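Those sequence lines, one after another, are chains Z and C. Going by this note's numbering, the first sequence opens with residue 2, and the numbers climb by one from there. Going by this note's numbering, the second sequence opens with residue 4, and the numbers climb by one from there.
Derived from the structure by calculation, the hints contain no laboratory data. These numbers come from a predicted model, not from an experiment. A portion of the hints provided could be inaccurate.
[Claimed, not checked] Calculated pairs, SDA-like style, for lysine to any residue (alpha carbon to alpha carbon, straight line, at most 20 Å):
#, chain 1, residue 1, chain 2, residue 2
1, Z, Lys466, Z, Thr638
2, C, Lys79, Z, Arg377
3, Z, Lys153, Z, Val616
4, C, Lys141, Z, Thr638
5, C, Lys124, Z, Asn3
6, C, Lys124, Z, Pro523
7, C, Lys79, Z, Pro382
8, C, Lys124, Z, Met2
9, C, Lys20, C, Glu32
10, C, Lys79, Z, Gly380
11, C, Lys141, Z, Arg11
12, Z, Lys201, Z, Arg87
13, C, Lys79, Z, Arg301
14, C, Lys141, Z, Arg7
15, Z, Lys220, Z, Leu76
16, C, Lys115, Z, Met2
17, C, Lys141, Z, Asn3
18, C, Lys115, Z, Arg306
Residues per chain, in single letters:
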Amino acid sequence: MNTLWRKAIRDFWHERARTALVVLAIALGISAFAAVLSSYAILTRELDLGYLATNPASAVIRVDTVDDDLVRAILQNPEVSDAEPRRTISGQIKAGPVQWRNLILFVVHDYGNIRVSRLVPESGAWPPANGEILIERDAFQVAKAKIGDAVKVKTANGVEQPLVISGSVHDVGQAQARMENIVYGYINLATLVQLGEDPKLNQLNILVAQNRFDEEHIKRVIANVENVIKSRGHQVLRTEVPRPGKHPHSDLMGILLLAMSSFGLFVLVLSGILVINLLTAMMASQVRQIGVMKAIGGTRWQIARIYFGQALFLGIAAVIVSVPLGIIGSRALCRYMAYFLNFDINSFAVPLWVYVLVALVGIAAPLIAAAIPVLRGAGVPVRVALSNFGLSRTTFGASAFDRALTRIGGTFSLIVLALRNSFRRRVRLALTLLTLSAGGLFFMLALNVRASMINTLDHMFAERKFDLSVSFANPYELEKIERAVSNTPGITRAEGWFITEGSLTNRFSVVSLPADTQLLDPEIIEGRNLAPGDTDAIVVNNALAGREPKMRVGETVVLRIADAESTWHVVGIAREAFSPAVAYIPLSFMQQLYPGRVNSLRLALMNNDWDAISVVRTDLDRNLEQVGVRARSSASTSESRFAFDEHMLMIYVFLIVMSAIIGGVGGLGLMTTMSLNVFERRREMGIMRSLGATPRVVWLMIVAEGVAIGVLSWTIAALLAWPISKVLGNLLVRVIFRSGLDFTFEPLALLIWMLVSIGLSGLASFLPAWRASRATVREALAYE
Amino acid sequence: MISLHQVSKTYETPAGKFAALKSINLNIEAGQFVGIVGKSGSGKSTLLNMVAGIDRPSSGSVAVAGTEIHGLSENKLALWRGRNVGFVFQFFQLLPTLTAAENVMLPMDFAKVLPFRERRKRAVDLLERVAVGAQADKLPATLSGGEQQRVAIARALANQPSLVLADEPTGNLDSVTARAILDLFRDMADQGTTVVIATHEADIARVIDRRIEISDGTLVNQ
Numbered sequence: 002m003n004t005l006w007r008k009a010i011r012d013f014w015h016e017r018a019r020t021a022l023v024v025l026a027i028a029l030g031i032s033a034f035a036a037v038l039s040s041y042a043i044l045t046r047e048l049d050l051g052y053l054a055t056n057p058a059s060a061v062i063r064v065d066t067v068d069d070d071l072v073r074a075i076l077q078n079p080e081v082s083d084a085e086p087r088r089t090i091s092g093q094i095k096a097g098p099v100q101w102r103n104l105i106l107f108v109v110h111d112y113g114n115i116r117v118s119r120l121v122p123e124s125g126a127w128p129p130a131n132g133e134i135l136i137e138r139d140a141f142q143v144a145k146a147k148i149g150d151a152v153k154v155k156t157a158n159g160v161e162q163p164l165v166i167s168g169s170v171h172d173v174g175q176a177q178a179r180m181e182n183i184v185y186g187y188i189n190l191a192t193l194v195q196l197g198e199d200p201k202l203n204q205l206n207i208l209v210a211q212n213r214f215d216e217e218h219i220k221r222v223i224a225n226v227e228n229v230i231k232s233r234g235h236q237v238l239r240t241e242v243p244r245p246g247k248h249p250h251s252d253l254m255g256i257l258l259l260a261m262s263s264f265g266l267f268v269l270v271l272s273g274i275l276v277i278n279l280l281t282a283m284m285a286s287q288v289r290q291i292g293v294m295k296a297i298g299g300t301r302w303q304i305a306r307i308y309f310g311q312a313l314f315l316g317i318a319a320v321i322v323s324v325p326l327g328i329i330g331s332r333a334l335c336r337y338m339a340y341f342l343n344f345d346i347n348s349f350a351v352p353l354w355v356y357v358l359v360a361l362v363g364i365a366a367p368l369i370a371a372a373i374p375v376l377r378g379a380g381v382p383v384r385v386a387l388s389n390f391g392l393s394r395t396t397f398g399a400s401a402f403d404r405a406l407t408r409i410g411g412t413f414s415l416i417v418l419a420l421r422n423s424f425r426r427r428v429r430l431a432l433t434l435l436t437l438s439a440g441g442l443f444f445m446l447a448l449n450v451r452a453s454m455i456n457t458l459d460h461m462f463a464e465r466k467f468d469l470s471v472s473f474a475n476p477y478e479l480e481k482i483e484r485a486v487s488n489t490p491g492i493t494r495a496e497g498w499f500i501t502e503g504s505l506t507n508r509f510s511v512v513s514l515p516a517d518t519q520l521l522d523p524e525i526i527e528g529r530n531l532a533p534g535d536t537d538a539i540v541v542n543n544a545l546a547g548r549e550p551k552m553r554v555g556e557t558v559v560l561r562i563a564d565a566e567s568t569w570h571v572v573g574i575a576r577e578a579f580s581p582a583v584a585y586i587p588l589s590f591m592q593q594l595y596p597g598r599v600n601s602l603r604l605a606l607m608n609n610d611w612d613a614i615s616v617v618r619t620d621l622d623r624n625l626e627q628v629g630v631r632a633r634s635s636a637s638t639s640e641s642r643f644a645f646d647e648h649m650l651m652i653y654v655f656l657i658v659m660s661a662i663i664g665g666v667g668g669l670g671l672m673t674t675m676s677l678n679v680f681e682r683r684r685e686m687g688i689m690r691s692l693g694a695t696p697r698v699v700w701l702m703i704v705a706e707g708v709a710i711g712v713l714s715w716t717i718a719a720l721l722a723w724p725i726s727k728v729l730g731n732l733l734v735r736v737i738f739r740s741g742l743d744f745t746f747e748p749l750a751l752l753i754w755m756l757v758s759i760g761l762s763g764l765a766s767f768l769p770a771w772r773a774s775r776a777t778v779r780e781a782l783a784y785e
Numbered sequence: 004m005i006s007l008h009q010v011s012k013t014y015e016t017p018a019g020k021f022a023a024l025k026s027i028n029l030n031i032e033a034g035q036f037v038g039i040v041g042k043s044g045s046g047k048s049t050l051l052n053m054v055a056g057i058d059r060p061s062s063g064s065v066a067v068a069g070t071e072i073h074g075l076s077e078n079k080l081a082l083w084r085g086r087n088v089g090f091v092f093q094f095f096q097l098l099p100t101l102t103a104a105e106n107v108m109l110p111m112d113f114a115k116v117l118p119f120r121e122r123r124k125r126a127v128d129l130l131e132r133v134a135v136g137a138q139a140d141k142l143p144a145t146l147s148g149g150e151q152q153r154v155a156i157a158r159a160l161a162n163q164p165s166l167v168l169a170d171e172p173t174g175n176l177d178s179v180t181a182r183a184i185l186d187l188f189r190d191m192a193d194q195g196t197t198v199v200i201a202t203h204e205a206d207i208a209r210v211i212d213r214r215i216e217i218s219d220g221t222l223v224n225q
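Just chain C, with the same shape it has in the complex (with noise of 0.2 Å):
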């Protein structure tokens, strides 16, 4: 499903250069549960973007799901990212002026792999699924961190991609939020879905298929 290939990423800063990243070589393979974990700045986002396209590499190459995504261009790597990936943030970044339901419908809108009519039915049908039906027309400044999170898991799936990508999920949730957190994506890989998460959680070997541990730029422990 995913294919790293000596995937480096060096950025340049005002103090010199920085490598986040040092030859990755990494294979996830489909429908898998995947805990990518490491310290802050250990290079864990780094590595979900690479595997997003919300980053390319510096050296090296990248496919997903049989797509060599480090060589498209920024458009099609949105469209490519639309109808195949889902995100999820830390900090949830759902858009403050659209409703729940509009949220989750946005990336409907973007791919238009749906008929215009069957996106709002869509959406409420995925808000439903992860408990957060009842606040569908409701704006994210009015919910609460754990149905916000709950929202963009849901935005997440909305063009059912085979992959979702999570940085740091839970880290602005607290404990038992996240644990219901954790179990929603463990339903998703159990039926199929690739997920990939960074996190620095401690608990996170309860539901994941495989821990990926990230030093440094390096992969210590895969």
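For reference, chain Z alone in the conformation it holds in the complex (with noise of 0.2 Å):
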């Protein structure tokens, strides 16, 4: 090893403590770089092989009924590789004394034979006997209930039923049943007989035999299908396509991880910025070893090498340091997204490639961050170098700031002379103010953006002026139901509805309501809503437009809707915030089809407390029972509401964890700036002290100079709060979930840093103070 690779290793080691804090700090950037990244590769791998090892359906039919002609005539073409007959039907749970849950059931006809979309059992029974019902893994929660419970179960047409839950299965293709507030439920079809149901089978799950991941194949193969099925004389009632080979939530996993990443790499950047502050002072503190180096010899290059190796040093140090931790926390992190997911990690094995882009972007990192303190201090003149100046021959006093900051203040007080050391290394400074004022901004753009949401929500249920939906399996006499509700105490009001779908180049829900409805008061962004005595009047939410270019205010539109067309006239947009595509239509269009009728039921109540909602919902049950109604499924709209807040949650958690690294990178920084600070001033305070300072104003001047740079920096991250908070925040939103966000400022985000960040300088800034304040006399005049 030559002399200059020691000088290099050397330096780095007598620099050590301020080593030790920027290497900690860049191992915080790449360790959060490698934990998401270890995730992404092992989520993506994880999500996609545990739902393909369910060989999940390339398309599902609906169709009237399914029989075994059926399912032998559609395997005859040689594109199909499998047709599995299964069945979905809508029903109610309930467990205990506790009230009616939405369940979904799934009828499979042979449970030891099941090929396409598999289940996989987790524990009780299996298969499922008559008389009892399996339950999706996370839906126990939704429940109530565990393994052996008995249960009543009560389908649209069916009785009501008892059943034992005799097992749990995991189906990894379901969205999470903790989300949907829905319970899925696994029967068989002697099962959906003694539940009053017609033992028939309305589903197929299709499996193409060749290029299973070609969508645009798929769908050739299924048209083929859906032909077969109708030239047999049955019908198709719908056909879903899902993305071949994705598992339903990894688009929104790879979005969260994909923000998780930019962040990662965000914070490695901010983390590349003490490497300049170390080694700007470095270099300053050695640029006259660069003068006797050159004076001796030492070409720009071969110089700039050892400081460039020191960097090199860095970034090794911080990747030994930040790939185990990255390991640690991408394994927090996938148990976290698996279950957030409801899916099974079978290995956390970190791929290769992983581990050299972490290696690689570890030790890049320093390197680009060191190449202009390294380059700057290597090249200055040999003369320059060997003088009393070097790198540091501005001083405080010549720029006109200087002069004005003189005026703060007027007489000597320790807080002036702190806020003006503050600002004696400019570019320090503003470096470290960059690191931590980004902390700030982050805290409170993730405080706002959870406001935010909270708001847009607010907004969006406080158009509904209703606390109870009741969902019917078919259409109603609205007389009987009416009956029904009449006789339910709690209720203030009450609209029959009805819900179908409709479509134009994609399907979306149609909102049948009457014009002048009370339930529902949407926000008009554009044109105006239903008025009464609309016919063809349509108001499409922003959605909907968004995604059918036709939908415009004044535009006529032919839309399907229950099986026919119709001429419709936008008058409207109606802004919904977290919404799927919808549109309104006057309810006198589906009396038309289905006079007197209606299939959805909204209600206000006097109380919309859970209790409250309870009692009217069992009350109301039973009163729709007596009526020969039977609701398929109920929510409240607190549950609706519930349901938003968990989407929601993880988005929160996912910026207060960001906002918390990247602040703990900032008091990082603070830290070696406050260092480095102590270390250039020594010789001074050493004078201060022969002046009659004594240890502890020395020590109060350094403290008060680190929380200067706080306050400093919590005023920045306050100025640019708001602005920031409302672009990203709405961006982030969007991304996410398609929506934009009803912005609000969090007044509270403000208070909280400040305490923060005056408590993170002031801690930042004890060690160096106390380290300064313990120094002698001798010592520190000694200091050159």
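Hints given; two lone chains; assemble the complex.
Pasting the structure below:
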């Protein structure tokens, strides 16, 4: 090893305390990056592997009824590998005295021979016997039941029947029960008959033979299958072609991981700033050595190599520290995501490319950050380097800003001195402020986005003037429903609506409601709302307007609603955050098709607390049964709100963790800065001490300087928080939910971050201050 | 060996222009031991810097061993210095994190004239020549001033330069040590190395071949 490398290593060791801080800061950045990158590799692999292991259907076709002849006919198509009949029906489930919960029942013909969209038995019985039901593992919390419990189940057309929960299964392809607030149950055909339903299957899970991941190919094959079904006199009710080979939530997870990766890189950039600060200070303190090396024949590049070598050591040390940390973080993140998305991780093995990329980024980041200070320091002319000025020839007091600072405070005081001191190294101060302010900014962004999401949801739910909605499996006479409602205490207003599906280029929900409805007050952003007397007017929400270019106010569109084409005039666009595509039409249209009937009920209640809603639900359910009306499902507005809040929770947690890590990097940055500031001013402190300053005064002066920087960073973050939170929050929510945000500023964030930044800066400057105050006057004066 | 023709050097300072050297003409023969004498601020360090290529003249030309160094780039100058010039400073300027031997090896690592394996041996030989061989593996902080300056002289000789320049090499040493250091320079000159030292030591006449006096940037006595 030549002397240049030896110098690099020994200087690195000589500055070990400060170096350790910088290594820690870089390691934080790389750890975050490594954790997210490993998680990305593990989760995308495991999610899709787990999903593919179930042999997911290429398409699901709902028909009127499936028989063996139909299945055989479909399987004659060589492009179809398998076709497995099933049935999915809605119902309700009740465990013990708790209220009815919404249920989706999957009926499987032969549990011993599930070939497509396989279920994974978790515990208890398999397959379910007659009179037994299996529950999806994530749905136990919703059902508030456990294996062995007796439950009551009722379907739309059947009778209420007791069943026993005999086991749990994992259905990888389903949306999480907790978030959807729904129970997934699995029964056999005999149990379906016990529930009073016809023993028929009406769903075909189709698997194509070749090109399973080619969506266009699948669509072509499925079109042929549909023709076969129709040619045999069956009806095709709906066809769904999911994204081939992709778990339904892989996109959401991808977006989240992308956001996290961006954040990891951002933290890495911030920690790179600490490298700039450290190496600038190191170059400044070694400028005379640089001059000597140049005088004895060292070229700029040879000298730069020493300091690049130190940056390389910083990177290597940080990578060594951060890889295990990143792996630990990645496992925690993977477990959380797996729990959140309800899938299993069979292997946490991190692929080699992740290690290589992390090492490359971890080593390259400090080298890139070092480029400017090193090239600048190594390029200083030898005569200048050998002079007394070196890189620190700028003296305080030369600029107008310095002179302006001297007017602050008027007479000398500790605070004024601390403030002036903090401005002595402007570039270092700016870089430190950048990291600290970024931490504050992210923290405020997190709280502002959270407050804005709550605000948006508040607005969204404020438009819904109903507390409870009830869906029926079939259209029922409104008169009967109204009779049941009038016999149910606690209801202040009820409206019968008709919910169906419509299509233009894609399918969307159609809500047919009284034109003078009192239970929905949408925010119209263009045009007008439905009005009494409207017959062919349609109001679409922003999600539908965004998806269908023809849905513009003033346009006439031909839609397929209730299996018939009809012409509609778009009169308004309603803003509905976090909503799927929905169109609103007058109830009179559906009444022409189903005179006097509705399939949905909206209710405003006297009290909308959970207990009151539960009582109304139970009473109404009983009264509806008495008039021969069977509710398919019901959902309170509070439950819907809860589901939204659950979805948002992950974003809040992500933002808060981000701000904590960035705040940590900022704190380490400030600690490095204060340590360098104190180191460079040791002689000056010796002079102060010789003039009578006590160690406590020196200590206070340094802590005050750190706090001044903390307060300054808070001010910058506070000034930027509003515009940046608004832009970034909107962007984040738009990417994840394809919906805008009703922005609101969270004043509490300002107060909390002020306390945090003062605490953090006080803490960061405590150690350098303590060490400086302990140095003897002789030691301090002896420092050159 | 050294030829300065009409060399002037003017610095821009906040207080205005300052002429450190004024139309200097100077020739120094190879193997001479030359002392540049003058008060503080007279321009002797600037003159030495011109010869070493550490500083560039505002006007005029500098040629050392046949090379017009005033026209070389910073990097070429550094390479040239490494192979042709040894430099000794007043405050020794050893690198604090390198041992004595490593300090001596540093110019060899820069110049890469000597094969890597031979560098340590040569460094130790040089340290023995200046009577600090026993200190080879010690860090500068553990050496006395005289020992540090001896190491610095050994470092100056690392690449067998034809020219050794020394700026106040005894300014920070006691008189006994200073005398010993000057003797070392004398030995170098006797072995054919051109030695130029800037000093304000009164007793330098004992060892030098030629005395050049400088005052206010002008040579007053060659």
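Verification of the supplied hints:
For the hint linking Z/Lys466 to Z/Thr638, the alpha-carbon distance of about 9 Å falls within 20 Å, and the restraint holds. For a cut-off of 20 Å, the pair hint linking C/Lys79 to Z/Arg377 stands: about 18 Å separates their Cα positions. Restraint check for Z/Lys153 and Z/Val616: the C-alpha separation of about 18 Å stays at or below 20 Å, so the hint holds. Taking the CA atoms of C/Lys141 and Z/Thr638, the gap is about 80 Å. The hint is violated against a cut of 20 Å.
Among the hinted pairs, C/Lys124 with Z/Asn3 is consistent with the structure: their alpha-carbon atoms are about 14 Å apart, no more than 20 Å. With a CA separation close to 89 Å, the supplied pair C/Lys124 and Z/Pro523 exceeds the 20 Å bound. The hinted pair formed by C/Lys79 and Z/Pro382 meets the criterion: a straight-line CA distance of about 13 Å does not exceed 20 Å. At roughly 15 Å between alpha-carbon atoms, C/Lys124 and Z/Met2 fall within 20 Å of each other, so this suggested pair holds.
Among the hinted pairs, C/Lys20 with C/Glu32 is inconsistent with the structure: their alpha-carbon atoms are about 33 Å apart, more than 20 Å. Restraint check: the Cα-Cα separation between C/Lys79 and Z/Gly380 comes to about 13 Å, which is no more than 20 Å; the hinted pair holds. Simply put, C/Lys141 and Z/Arg11 have alpha-carbon atoms about 14 Å apart, close enough for the 20 Å limit, and the pair holds. Of the supplied pair hints, the one linking Z/Lys201 and Z/Arg87 holds, its CA atoms being roughly 9 Å apart against a limit of 20 Å.
The hinted pair formed by C/Lys79 and Z/Arg301 meets the criterion: a straight-line CA distance of about 10 Å does not exceed 20 Å. Straight-line distance between C-alpha atoms of C/Lys141 and Z/Arg7 comes to about 14 Å, which keeps the hinted pair within the 20 Å bound. With a C-alpha separation of about 16 Å, the suggested pair Z/Lys220 and Z/Leu76 falls inside the 20 Å cut-off, and the hint holds. Under the criterion of a C-alpha separation no larger than 20 Å, the hint pairing C/Lys115 with Z/Met2 is consistent with the structure, at around 14 Å.
Straight-line distance between C-alpha atoms of C/Lys141 and Z/Asn3 comes to about 17 Å, which keeps the hinted pair within the 20 Å bound. Annotation: proposed proximity of C/Lys115 to Z/Arg306 holds, straight-line Cα distance about 15 Å (limit 20 Å).
The structure is inconsistent with the numbered hints 4, 6, 9, although it conforms to all the rest.
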